Amino acid sequence: MIRILLAGQGGQGVLSAGKFLAESGLHEGKEVSYLPAYGPEMRGGTANCSVIVSETPIASPLCTVPDVLIALNGPSFHKFAPRVRSGGIIIVNGSVSDAYAGRDDVTVVDIPANDLAMEAGNIRAANMVATGAFCAMTGAVKEQSIINCLNEKFVGKPAVCDINARAFRAGIEAAKKQKK
Amino acid sequence: MSKILLHGTEAICEGAMRNGCRAFFGYPITPQNEVPEYMSVKMPQIGGVFVQAESEVAAINMVYGAAGAGIRAMTSSSSPGVSLKQEGISYIACARIPCVVVNIMRAGPGLGGILPAQGDYFQATKGGGHGDYHLIVLAPSSAQEACDFTYRAFDLADRYRVPAMILADGMIGQIMEPVELPPMRPLSDIPEKPWATSGHYGKDRRILNSLIIKPEQLEPHVNELQRTYNEIYANERKAEQYKTEDAEIILTAYGTVARICKSAVDQLRAQGVKAGCIRPITLYPFPDDAFSSNAERADCKAFLSVELSLGQMVEDVRLAVNGKKPVYFYGRTGGNVPEEEEIVEAAKGALGKAKSEL
Numbered sequence: 000m001i002r003i004l005l006a007g008q009g010g011q012g013v014l015s016a017g018k019f020l021a022e023s024g025l026h027e028g029k030e031v032s033y034l035p036a037y038g039p040e041m042r043g044g045t046a047n048c049s050v051i052v053s054e055t056p057i058a059s060p061l062c063t064v065p066d067v068l069i070a071l072n073g074p075s076f077h078k079f080a081p082r083v084r085s086g087g088i089i090i091v092n093g094s095v096s097d098a099y100a101g102r103d104d105v106t107v108v109d110i111p112a113n114d115l116a117m118e119a120g121n122i123r124a125a126n127m128v129a130t131g132a133f134c135a136m137t138g139a140v141k142e143q144s145i146i147n148c149l150n151e152k153f154v155g156k157p158a159v160c161d162i163n164a165r166a167f168r169a170g171i172e173a174a175k176k177q178k179k
Numbered sequence: 000m001s002k003i004l005l006h007g008t009e010a011i012c013e014g015a016m017r018n019g020c021r022a023f024f025g026y027p028i029t030p031q032n033e034v035p036e037y038m039s040v041k042m043p044q045i046g047g048v049f050v051q052a053e054s055e056v057a058a059i060n061m062v063y064g065a066a067g068a069g070i071r072a073m074t075s076s077s078s079p080g081v082s083l084k085q086e087g088i089s090y091i092a093c094a095r096i097p098c099v100v101v102n103i104m105r106a107g108p109g110l111g112g113i114l115p116a117q118g119d120y121f122q123a124t125k126g127g128g129h130g131d132y133h134l135i136v137l138a139p140s141s142a143q144e145a146c147d148f149t150y151r152a153f154d155l156a157d158r159y160r161v162p163a164m165i166l167a168d169g170m171i172g173q174i175m176e177p178v179e180l181p182p183m184r185p186l187s188d189i190p191e192k193p194w195a196t197s198g199h200y201g202k203d204r205r206i207l208n209s210l211i212i213k214p215e216q217l218e219p220h221v222n223e224l225q226r227t228y229n230e231i232y233a234n235e236r237k238a239e240q241y242k243t244e245d246a247e248i249i250l251t252a253y254g255t256v257a258r259i260c261k262s263a264v265d266q267l268r269a270q271g272v273k274a275g276c277i278r279p280i281t282l283y284p285f286p287d288d289a290f291s292s293n294a295e296r297a298d299c300k301a302f303l304s305v306e307l308s309l310g311q312m313v314e315d316v317r318l319a320v321n322g323k324k325p326v327y328f329y330g331r332t333g334g335n336v337p338e339e340e341e342i343v344e345a346a347k348g349a350l351g352k353a354k355s356e357l
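Respectively, the protein sequence lines represent chains F and L. Take the first sequence: its letters are residues 0 to 179, numbered as in numbering that gives the first Met the number 0. Take the second sequence: its letters are residues 0 to 357, numbered as in numbering that gives the first Met the number 0.
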């Protein structure tokens, strides 16, 4: 079982990335749950979601002690970094945040998600850069499952799909480099 | 059929539509806006009716009319909106019209907040509106149950001619989980309603009414309602028991809170504490048998009711336990959800207290 907490600013695609992870897990025949928490705002404000991918049935859908934190901005990185399980992984958007978690029992993966997303064609794909880094670091869901989700989500919008897929792959590469 | 990833709200809609619901009336309120949104797309596709009413009061009275004509009808809202519907629900209960009302509870009182809560337990199970009546109240704890219980709620409502309520906390309104959908039930499969005001067409005159002005008529009517509630109590009480067989401390919670309790039970067991969990599935009728049978056990020391309120279901737990064992309470409010660790600590505290008082 892997408990993933995705957090960021409303509008950064935190909830979409969480849904992709849950969808991918489901397509791979696993048990999944997706529980978002957000304010009434459409943009701005904070957004986070708890995603669990598991081989066995899921009891509590909460991720109070996540195995992996994906933080797309500084405030959510600093807010949630202390909660991560010892030995866990933090993926942080280095374009807009420092990467100092104040603890050395977790692996912090510093990914310039906004910059890589812009290189891929649109800053709004920063969530997919982080998702790519997640897949490379954990292998919790298959890369192809995420690509399948993108194809399904952006059917009829091939240009948008390409940008997201490029951003996703850029995230995988960036994480692999850090792993070495 | 394979599983698909659905919102709890969408699962409620699918459960309704697949068991013959062909009329939905609603008015927007967070955190259940996805219900009317989903229904506005789906209802026209299956030959049903969707109306965004001008208010919650209008919506429940539209349900009164449509369900009175024999159509399976539903409305949905969240706490403040459900308060507004209470007058209509009481009329519907008196006129004995089956329908389904969904309450995705948010934090109260007042307009409160949009986050999950369970503060409407009293309102849902003790009547809610005025007069001597009850609803059949089901509490789903997953997206799958949101679908299955809504499906079942229509059958129960029809069978007893009593309105049914799906009482879910805000987490059901937000969670996405895999759901296996039941097949679409053909309308021809749904039993006919010999009381429905579905047009004269040479039939005898049928009247549905909640104004029964003569005391010699109203008393037998209310007594008849009560007989039905007794029948429902005898037939429909339902609870899930988790590791209760040898449990010293029995946690109890409904809805998604029960899932956190189950995780807490596992954690307690890993620490050597014999814990279990009773999850009421029907809140009305309350599954008191699950509690009384455990209270009889010598090795059962105490109960702990965990709620997103400051203590509502705990009263029914105390009635069911009937003084045989101590019943404690742990609750959070304001839209906060307790973490596993909090519940673990509360359970240990309750067990310690019970043992020291022996």
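Treat the hints as calculated values from the structure; they're not laboratory data. No experiment lies behind these values; they were computed from the predicted model shown. Check each hint, because a few of them may be wrong.
Taking lysine-lysine and the DSBU-like style, the derived pairs with C-alpha atoms no more than 30 Å apart in a straight line are [stated by the list, open to error]:
# : chain 1 : residue 1 : chain 2 : residue 2
1 : L       : K237      : L       : K324
2 : L       : K41       : F       : K152
3 : L       : K125      : L       : K237
4 : F       : K178      : F       : K156
5 : F       : K18       : L       : K324
6 : L       : K125      : F       : K18
Structure-based check of each hint:
no., hint, in the structure
1, L/K237 x L/K324, "holds, 22 Å"
2, L/K41 x F/K152, "holds, 20 Å"
3, L/K125 x L/K237, "holds, 18 Å"
4, F/K178 x F/K156, "violated, 33 Å"
5, F/K18 x L/K324, "violated, 45 Å"
6, L/K125 x F/K18, "violated, 38 Å"
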